[in-house]
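Here the structure of chain E is known, so what remains is to put chain X in place on it, guided by the hints.
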Amino acid sequence: MRWTWLVVVLSPAAAARVEPVALSANPFTGGKGASFTVAIRGTGIKGATAIHTGTAALQASIVGAESEDGSKGKTDVVRVRFESAADARAGRYAIRLIAPGGISNALPIVIAEEPVVHEPAGSHDTPETAVVIGGVPVVFNAHITKRGESDFFAIDAKAGQQFTFTAVSGLPAPGSAGGNARGFDPSLAIYEASGSWFDPKRINRIAANDEPLWVLGLPTDARLVHRFAKAGRYLLRVEAFSGQGGPDYSYQLKIREGDAKDPVDIEAAWRERSYSRYLSANRLNELAERGGKALEHEPMETYGMGDGSEPRIKIPANLDGAIARPGEFHRARFQLDASRDIAIEISTPNTAPPEFNPIVRLLDDKGEEVATNVSVGRGACTGAMTKSLQSKAIVPLRNPGEYTVEVREATADLAGANFRYRVQVRQQVPHAGDVVIDADHINLTPGESKTMRVTFDREEDYRGAVAVLTGQLPPGVQAVASADFEPDKDPPPTKGKRERFSPRTERSVVAFIASADAAATPEPAMVQVTVHPVADGKIGAALAVRAIPLMVVPKQ
Amino acid sequence: MKLGVLLMAASAAWAAPKPVSLRIYPASIDLRGAGATQRLMAVAAYADGTEADVTARVQWKVSQPAATLDPAEARLTARADGAAKVEAALDGARAQADVRVSRSDLARAFTFARDVEGILTKRGCNSAACHGGVKGRGGFKLSANALYPKDDYDWIVKGGVYQVLTAEVKGARVPRIDAQSPEKSSLIAKPAMTVPHGGGKRLEKDSADYKALVEWVRSGAPYGEAEAGKEVKLARLEAFPSMAVVPVEGEHRLLVTARFSDGHTQDYTDQVLYSSNNGDVATVTPGGIVRGKRLGETAILIRAAGQVASAGAGVIGPPVASYPKAARNNFIDDHVFDKLRRFQIAPSELSTDGEFLRRVCLDLTGTLPPTGRAREFIASRDPNKREKVVDALIASPEFVDYWTFRYSDLFRVAIFANGLTPKFSDKYWEWIRANVESNRPYDDVARERLSAQGYGPVSRHFTPYNQIGTPPDTMAEEVRVFFGRRMDCAQCHNHPYENWSQDQFWGMAAFFGRLFKMGTIVVDHPTNMDLSSKDVDGKVETLHPRTKVPVRPALLDNSPVEVPADGTPRRALAGWMVRHPYFAEAAVNRIWGYFFARGIVDPVDDFRITNPPTHPELLAALAKDFRDNGHDLRHLMKRIVTSRTYQLSHRSNASNKADVVNYSRSLPRAIDAEVLLDMVSHATGLPETFSTAVSEGGSVGQAPWGMRAINLRDPDMYYSRFLELYGRPNRGAIPERNAKPNLGQALHMLAGSTYLDRLDAKGGRLGGLLESGAADEKIFEDFFLAAFARTPDAEETAELKRVLTARGDRAAALREFVWALIGSREFAENH
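Chain order of the listed sequences is E and X. Position 89 of the first sequence, counted from 1, bears residue number 89 in the numbering used here, the numbering being contiguous throughout. Position 367 of the second sequence, counted from 1, bears residue number 367 in the numbering used here, the numbering being contiguous throughout.
Okay, chain E solo, but in the shape it has when bound:
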């Protein structure tokens, strides 16, 4: 692990320790082998002394600081000079400020493959003041400085030329990946200066693409692929959905020729119920490992679905198909020789809910529905029946016999070649599912204690334990097992067969305690937190690993 650690002499820390919070970075994109200055806004960052980038490929130094008086109090601005290595990996880097109050939360800084251009100074919110795009590919660092502002960019296109435009928010919307409490949801539109009877200078929208969905957890960044029918100069307009703007509303505008794809974000962490998870043929062993058990399962067979036949399968099995036509459904049959608890998992590699909404039903030999991936309950307020689709169901099958697995789309009219699915039908394998470590960073003063929660899901009747290990603690700081208070929640009035869809979640609490004489850490210690299953008296491979920056800071 490498550090960028630069100290500048700034004003002394305020009397009371203030937790540093970084709100935004503007701009937040730089090129490879480039240097660029970023204004980081936040609270409690006054007197920041250093930047933590976590990599030598991105060096940073503080070059200035100032304070702003806003309607909601004082905000500090720290100006940081970043220098990226010529061979720096393109992508997001998490950077943090180190201030008198400790280490801040992370903000993203992006290193782009493409040439990076900064939006010229001044307003660009009219077609006449549009920023002219000189060449493609290009990445613009730009900024919606005030409410109601739009940024115009002018681009010359040849007839038939296709471009991909993406606007990535530096302040993701609530609930999106990496989102924070506020949010900036950028919108993109293309205009041509075709005028009208009323106004010969009117610009007319010819394409727009704000993302069609706004679902918690999905990014709200805008992507627009457009082929220009006619040669000419066009205008690209970027604005915030609902017209927000301000010092934190920075964005990255990327323009590439053709239908350019962005690399798919591979899910690094285990996501037990994500529709985009990969259900491999080796999943039984993957699960066994998460249960601290030996790997002894053969790879399961994969069956193609949708050719009109109803294949006879042997579980465990993967069923692959696509609901290509409205109303289409696919079936496969299997024989169950003895009572068995099975699990049904569903992934949708191309298109996930709420666009493609797979319903999986398990029918007995009389055609009666034994189980589905539809979770049902009754609303606490009205008592009305509510249903939702689930990507996993565990099903106790007590009666031997022939069963049919049926896959269909929830609506009667929606379908497509991209409505692809993989349904896995298998025996249950007890294991630890999702693990969540809730700490991002920890700042302690001498004598202070803070807790970190680690929650994990007991999947498929996993009865083992989990162990939470901490390492690389700075001197004077110890981590000890603890417990905290969790208020009871009212159970839902009628929960249906919730146990089929929701694992039992448990948590462990670790308290970090700084001794009264703990020395201040000049730089953050990267505390290693690892979570392991414990079964049959043995500790298994790590379920989750996280490095958490921890600092001991003086009380004043």
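Keep in mind that the hints were calculated from the coordinates and are not lab data. The beta carbon of each residue, even a glycine, is placed where N, CA and C say it ideally should be. Any given hint could be a false lead.
Unchecked claim - In silico DSSO-like cross-links for lysine-lysine, where the CA-CA straight-line distance does not exceed 30 Å:
hint: 1; chain 1: X; residue 1: Lys184; chain 2: E; residue 2: Lys366
hint: 2; chain 1: E; residue 1: Lys201; chain 2: X; residue 2: Lys638
hint: 3; chain 1: X; residue 1: Lys517; chain 2: E; residue 2: Lys495
hint: 4; chain 1: E; residue 1: Lys495; chain 2: X; residue 2: Lys548
hint: 5; chain 1: E; residue 1: Lys489; chain 2: X; residue 2: Lys534
hint: 6; chain 1: X; residue 1: Lys517; chain 2: E; residue 2: Lys489
hint: 7; chain 1: X; residue 1: Lys778; chain 2: X; residue 2: Lys740
hint: 8; chain 1: E; residue 1: Lys366; chain 2: X; residue 2: Lys539
Unchecked claim - Pulled a few chain X residues facing chain E out of the computed Cβ check, cut under 7 Å:
hint: 9; residue: Pro370
hint: 10; residue: Val390
hint: 11; residue: Ile394
hint: 12; residue: Pro397
hint: 13; residue: Glu398
hint: 14; residue: Val523
hint: 15; residue: Gly538
hint: 16; residue: Thr692
hint: 17; residue: Trp705
hint: 18; residue: Leu725
hint: 19; residue: Pro729
Using the frame of chain E, we list chain X on its own:
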């Protein structure tokens, strides 16, 4: 017999004394069965083109004994099988009609539904105000207008008290008939007032109806043919003429023909209940004689057991001397001008170019014409310039802006109406805009909206408040939007004024009964799959609120419908709805209403028998043209605005001052709040700033500078005092705009920022003109063109100059001029 549209003016006061021709109605008379009768009508035509009901004045004669004629009543009665001719004569004019009598020995079989219910209907017993009300009256419930004869039979013969919310009978069942002493039956004694009756006397003891009821009870109160399954039902009532035109104090009779389910017809003139929708305009006697009271138009409602019909009654003024011959541009003018001619109303002159340009720009695009365009148009000598500008406007992006706004209103694009997050409604708005921009056929638009599923933009329409709306609410909205009908009353009880039953309502509602929000998506829950419902003892079904029995989807006309168990029933409904004549009628009527400030049926979404169209043939012709042209809204709009009717001036003449329903002139009308605000911005040259009233992500937003009010996607998000005051509707329900002025508007005009802050602000029109050193005349002209699409006349200019001089302070005087201009009625109305 063809009972077509015939407009007749009874013109006793001014018609030439001698008719040029005479006609008898019906022209061919078929008397079938023993004692069959037929009322006759004689109509005289005069040299000046008017016509009059002269039934009472002609001499009647019948040629053969097959039928006898009562000349005082103008009634023929069958006597023996055979043929005859009936003749009428008046002042040298003669007319003949053929009479055929058949099966004169065959007495018609009794049926409760026709005979007893007919009496109860004619006497008003089953009207909404009496026993046909929601709960009935005095514990006695009859179906409104005899919609459910079997139920009525039970309430009479078995007794009992009806309950609204359950099919169970309240209390002990005491029959309302007395077979031993029929006259003592409460069914008879009460209306005859031999015992106290809250509804007063309805039946004379010596009347035929009284005797018929007594005889029915005495004979054991049979139900009649239906018991053997042979019931012949009354299928339709037809009134003749469809529009009775009379002068003030003039009279015109109506003939009513009943058409039965077996195809035969019968004179029902004496067997129906007549009532006038507006007794101040015209009254009607129990025998169907319409009498004119004052100039105007109203409907005469005609009720028989199980059926309702209406006829128009127009009360006209004196003939117009030298009636003008107006040019006709298309079929709209034929229908409108023909009626005006018959009503003795002369259309106004053609509008001026400036008047037309302003009107058509506002109506097609919600946008005032730029001053340069107004100058250019007024100066142009191109005879086709009006059609050319219509084409330019319909092809303009402002047209797309405006009709996106219009349909966003109707389709309820609102953050609170269509989901709790603006993004949902934003995509719904985009869907509407794409449809307007591509001029997508309206039936396709309706089909998609009615059957939307999944998470797409249109499916948001079904999730007001982020929850699926109830089936009755959802259905009632769809029927109101796409059929122009309000079925809501029938949700709780049979519709009191229409022939819609509660069963029909719930049959339609059941099409939406499987709508289900599964997670975030909208689906039609299949009926052949449980999908875990039994885990919570749940079911997805629509229950009849009264009988508590699951209701199956059923179309209004009872045509069969196939609903796959795992498909969407709304698809079948959508297909049926867009093919139904109601669909095109409702669509063209709504669009017509946008251009004329009133629909041919008005309100535009209140089609009912008791609210008939003012121009039924025009409505039918527009609907046919709309269907024949692929449900093309732009085509329809062009058809309307290129008609002479649309292009008439707002200036009235002596004959059309009082006319507000016949399109004889352009009626000044209030402008929608959003358009008016944009007009203020246009005239002053300063756009409005819209800030979000709803914060999102913790940050308040603002619409881009220059955004017009009609282009706000989610208007609820933007705070605007002006829009609130001028009637921006709440889209929580189908918007109904209140065009009436109010005190708040007046105060805002006096002291509100919309008016005062713009008068000479930097960057505005006045500021620019002052900076450029423009002369007073140039400033007047520029503002007049911007606000009114015309230049000031000499008198106006002189008066303005005088005021300027008197004021002393030129800048202040010009500010006041601009204020007066944008606060004027001429500015705030489309005319």
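Against chain E, run the beta carbon of Leu725 of chain X and see if the smallest gap drops under 7 Å. It is violated, given that the least Cβ distance between Leu725 of chain X and chain E is near 23 Å, above 7 Å.
Verify the proposed pairing of Lys489 of chain E with Lys534 of chain X, using a straight-line Cα cut of 30 Å. holds (25 Å)
Mind checking the CB of Glu398 of chain X against every CB in chain E and telling me if the closest is under 7 Å? holds (6 Å)
Pair hint outcome, Lys495 of chain E versus Lys548 of chain X [Cα-Cα no greater than 30 Å]: It holds: about 26 Å lies between the C-alpha atoms, which stays within 30 Å.
Checking one constraint from the list: CA of Lys517 of chain X to CA of Lys489 of chain E, max 30 Å. Satisfied? holds (25 Å)
Per-residue hint verdict: Pro370 of chain X, partner chain E, C-beta under 7 Å: Holds - the Cβ of Pro370 of chain X comes within 7 Å of chain E, reaching about 6 Å at its closest.
Within a Cα-Cα threshold of 30 Å, do Lys778 of chain X and Lys740 of chain X meet the stated pairing? violated (35 Å)
Interface restraint verdict for Val523 of chain X against chain E (beta-carbon cut-off 7 Å): holds (5 Å)
Against the 30 Å threshold, does the CA-CA distance of Lys184 of chain X and Lys366 of chain E hold or violate the hint? violated (64 Å)
Hinted contact Pro397 of chain X with chain E - closest CB pair below 7 Å: Given a least distance of 5 Å, the restraint on Pro397 of chain X holds.
The hint names Thr692 of chain X as touching chain E; please verify it with the least Cβ-Cβ distance against 7 Å. The hint holds - Thr692 of chain X has a Cβ within 7 Å of chain E, the shortest such distance being about 6 Å.
Going by Cβ atoms only, is Trp705 of chain X closer than 7 Å to chain E? holds (6 Å)
Checked against the numbered hints given earlier, the structure breaks hints 1, 7, 10, 11, 18, 19 and satisfies all the rest.
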